[in-house]
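S.K.: Protein chains in written order, with our numbering: chain A, 1 to 205; chain B, 1 to 205; chain C, 1 to 205; chain D, 1 to 205.
Please keep in mind that the hints were generated in silico from the structure rather than gathered at the bench. All values derive from a computational prediction rather than experimental measurement. Warning: the hint list may mix true and false statements.
Same chains, same names: a pair is fine if it fits in one copy or spans any two.
[As the list claims (entries may be wrong)] The list that follows gives simulated cross-link-like pairs (lysine-lysine, BS3-like), each with its CA atoms no further than 25 Å apart:
#	residue 1	residue 2
1	K33	K43
2	K175	K137
3	K97	K198
4	K170	K96
5	K13	K97
6	K198	K142
7	K43	K7
8	K102	K142
9	K102	K77
10	K43	K13
11	K175	K198
12	K170	K130
13	K97	K7
14	K198	K96
15	K33	K49
16	K49	K13
17	K43	K170
18	K13	K96
19	K96	K175
20	K130	K175
There are 4 protein chains.
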Amino acid sequence: MNDIIEKLTIYFKEFPGIGERQARRFVYFLLQKNPNFTNQLIKNITELKNSVHQCPSCFLFFQGDGQNLCPNCRNPKAERDMLLIVEKDVDYESVKKSGTYKGLYFILGGLVPIVNKETPYYIRINELLKIVEKRAKEDNLKEVILALAISPEGEQTDIYLRQKLSPLEKEYNFKIVSLGRGLSTGTELEYSDGQTIKNALENRH
Amino acid sequence: MNDIIEKLTIYFKEFPGIGERQARRFVYFLLQKNPNFTNQLIKNITELKNSVHQCPSCFLFFQGDGQNLCPNCRNPKAERDMLLIVEKDVDYESVKKSGTYKGLYFILGGLVPIVNKETPYYIRINELLKIVEKRAKEDNLKEVILALAISPEGEQTDIYLRQKLSPLEKEYNFKIVSLGRGLSTGTELEYSDGQTIKNALENRH
Amino acid sequence: MNDIIEKLTIYFKEFPGIGERQARRFVYFLLQKNPNFTNQLIKNITELKNSVHQCPSCFLFFQGDGQNLCPNCRNPKAERDMLLIVEKDVDYESVKKSGTYKGLYFILGGLVPIVNKETPYYIRINELLKIVEKRAKEDNLKEVILALAISPEGEQTDIYLRQKLSPLEKEYNFKIVSLGRGLSTGTELEYSDGQTIKNALENRH
Amino acid sequence: MNDIIEKLTIYFKEFPGIGERQARRFVYFLLQKNPNFTNQLIKNITELKNSVHQCPSCFLFFQGDGQNLCPNCRNPKAERDMLLIVEKDVDYESVKKSGTYKGLYFILGGLVPIVNKETPYYIRINELLKIVEKRAKEDNLKEVILALAISPEGEQTDIYLRQKLSPLEKEYNFKIVSLGRGLSTGTELEYSDGQTIKNALENRH
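With the sequences and hints as input, model every part of the structure.
M.R.: This is how it looks when you write it as structure tokens:
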């Protein structure tokens, strides 16, 4: 009995941060909403999958409007000699919102895991190398900025990307840099780890 | 730009317990899943709305299988002289899972708010009165059990239902009772409020 | 170096709920306070240990004022035919504050552990048996109320006390009861465990 | 009754991070400990206040051993041309533990509040100016490092100290720097504020 309530609960449990109990509350929430709400929800999910595409150059998801490239990659005012690499779309949104970066982006799609070298993972390394070479040839690329989380996986990925990009760096003479480390908003020294204080001291100015 | 990402975010923000940031993560989660996942999700939501109905007697949501009444109301072994009233479907599930109640249920659909007497609200009071009278006439109803939250709204609703049921209680001579109050699993006296200790003392045995 | 800062940190780490970091903050807090604060603190700790005694009848800590028994045990208005047993002083304070109990108390001093029957523990079982017999003989004891936490240890202790008190119960014909169980303030059925719902159903009224 | 329990509770409530309930638990904790524990606690608090002094040069608390200056200020290997300013002793401990700074320290004793210019506050500004001048004259001071929290008060204090130190900076030609800002350990871009990303981009390398 009530197979469909159980089945839909299982789907909602796959949503990020959602456990059994909240997944079930989602199902009862949908049951209690009028049909118009679920119809609109379904319509929007369908439209999302149909109209949102990944940019073939930076791999950002964006709502296609007959264009091939995303608005960033098409933007004639973008500084095309800078490329900033982030893990995922929401990281891109954070950097975009800060309003200080005017160059191009690249969405890596994941991080290199550290637990086990055999752990399968996926990052767009070949796509990245292709784009970096293209920018170097066509746009006189000056700087590749690695903007990854300060976590074991983020630092592993930073090292990995520097290795992979190293031949292109030598051939085309651009710089590879990482985001500055130090104290961030809200940091108190009392609760800071040694590595953060070390970075903050090295980057003092 | 990216209207559809914003629009779907707004829909997910209506889900219980979901804020702006998590709603947006849901959208990117769906973007990254393969089309099969979203197709199945949409299929299950559609099936939920099409195949799950409310029982016309107790107002429980259940997956219809050509039957009119829900499995509880149809169950020939149910003790038809007891009626337990809960606020919502998940409360029904909790009572069902405890395995100690064998009678019939009624889903009230809400609680009486206390903030303001003018606050609009909806509970199935007329449906309840009709069902109680029917059970009294047809099944020799002996006991109505109010199983509501121990919160200001729950207690307000308890009082309200007792008032509304009072004429039927006199006419048909059934009992109206509320769930027992006292210490619940995990309670420590150190952290208990005076009302709970008072109830626990009164209900000692 | 700074031995005394480390040493005092270790003492504060023994305080309930205090970890390494907060213990250290306590030490720096004392360093920064003027000498008057620490002098008063020390004076109060000394006075606490000198002037607060345990009642020889109920084992409550109270500030002695030349009297032998605590104010509860001395109170001529206390209903001396009822004895309520709690684990510790703060539990007594909670019951006292609820304002509904007018009888005598007994502080057990601990709970019976369940992990391992060999685990050493201390509860005042012999003192309890002596007091219960005294009350039965002198004050016509009618009721012993077990007011323990609803936890595995609390329930284990409830069973243990009933066994130990059983011979006296038969000889002097008093009742042994436990605090009522059911829904407590703030409880929602959705989040309640089966045992609590079972108790709430059994104690409905 | 029980005045002393209430009085000592009030003293413990002044301890950092301690509320009414936990303060009371501290009192009952002391009641239950044997007298040896409270005697040792009192002895250590007394020794703390008697043997720990503030260094007259950097204002660090340290256990005096017949010496006037703290071990840092006395250390012949310390790089005497660098002075790092922190708010409080535990901040000093964090920097010390990071193991990357070999110069001298100064404990400011507080931060400049921002709420209201009339808010009274205390920081050791005159002592700081005196020490900076002394270092400039005697030790050829090259760098003053402001190591304050990244909070409104911390940033206000940073600005205030730069103003106050400015005349000495010009006269003696040392540098005033602040700790580097950017991503700190554990930072994810998704959850970073715009200011932190801006700093991380500016300090990229």
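S.K.: State for each hint whether it applies.
M.R.: Hints, verified against the model:
no. : hint        : in the structure
1   : K33 x K43   : both (15 Å within a copy, 17 Å between copies)
2   : K175 x K137 : within (15 Å within a copy, 42 Å between copies)
3   : K97 x K198  : between (28 Å within a copy, 10 Å between copies)
4   : K170 x K96  : neither (29 Å within a copy, 39 Å between copies)
5   : K13 x K97   : between (30 Å within a copy, 21 Å between copies)
6   : K198 x K142 : between (28 Å within a copy, 20 Å between copies)
7   : K43 x K7    : both (21 Å within a copy, 11 Å between copies)
8   : K102 x K142 : within (14 Å within a copy, 37 Å between copies)
9   : K102 x K77  : within (8 Å within a copy, 47 Å between copies)
10  : K43 x K13   : both (21 Å within a copy, 16 Å between copies)
11  : K175 x K198 : both (24 Å within a copy, 19 Å between copies)
12  : K170 x K130 : within (15 Å within a copy, 52 Å between copies)
13  : K97 x K7    : between (38 Å within a copy, 19 Å between copies)
14  : K198 x K96  : between (28 Å within a copy, 10 Å between copies)
15  : K33 x K49   : both (23 Å within a copy, 10 Å between copies)
16  : K49 x K13   : both (20 Å within a copy, 19 Å between copies)
17  : K43 x K170  : neither (50 Å within a copy, 53 Å between copies)
18  : K13 x K96   : between (31 Å within a copy, 23 Å between copies)
19  : K96 x K175  : within (22 Å within a copy, 34 Å between copies)
20  : K130 x K175 : within (17 Å within a copy, 45 Å between copies)
Against the hints set out earlier in the document, violations occur for numbers 4 and 17.
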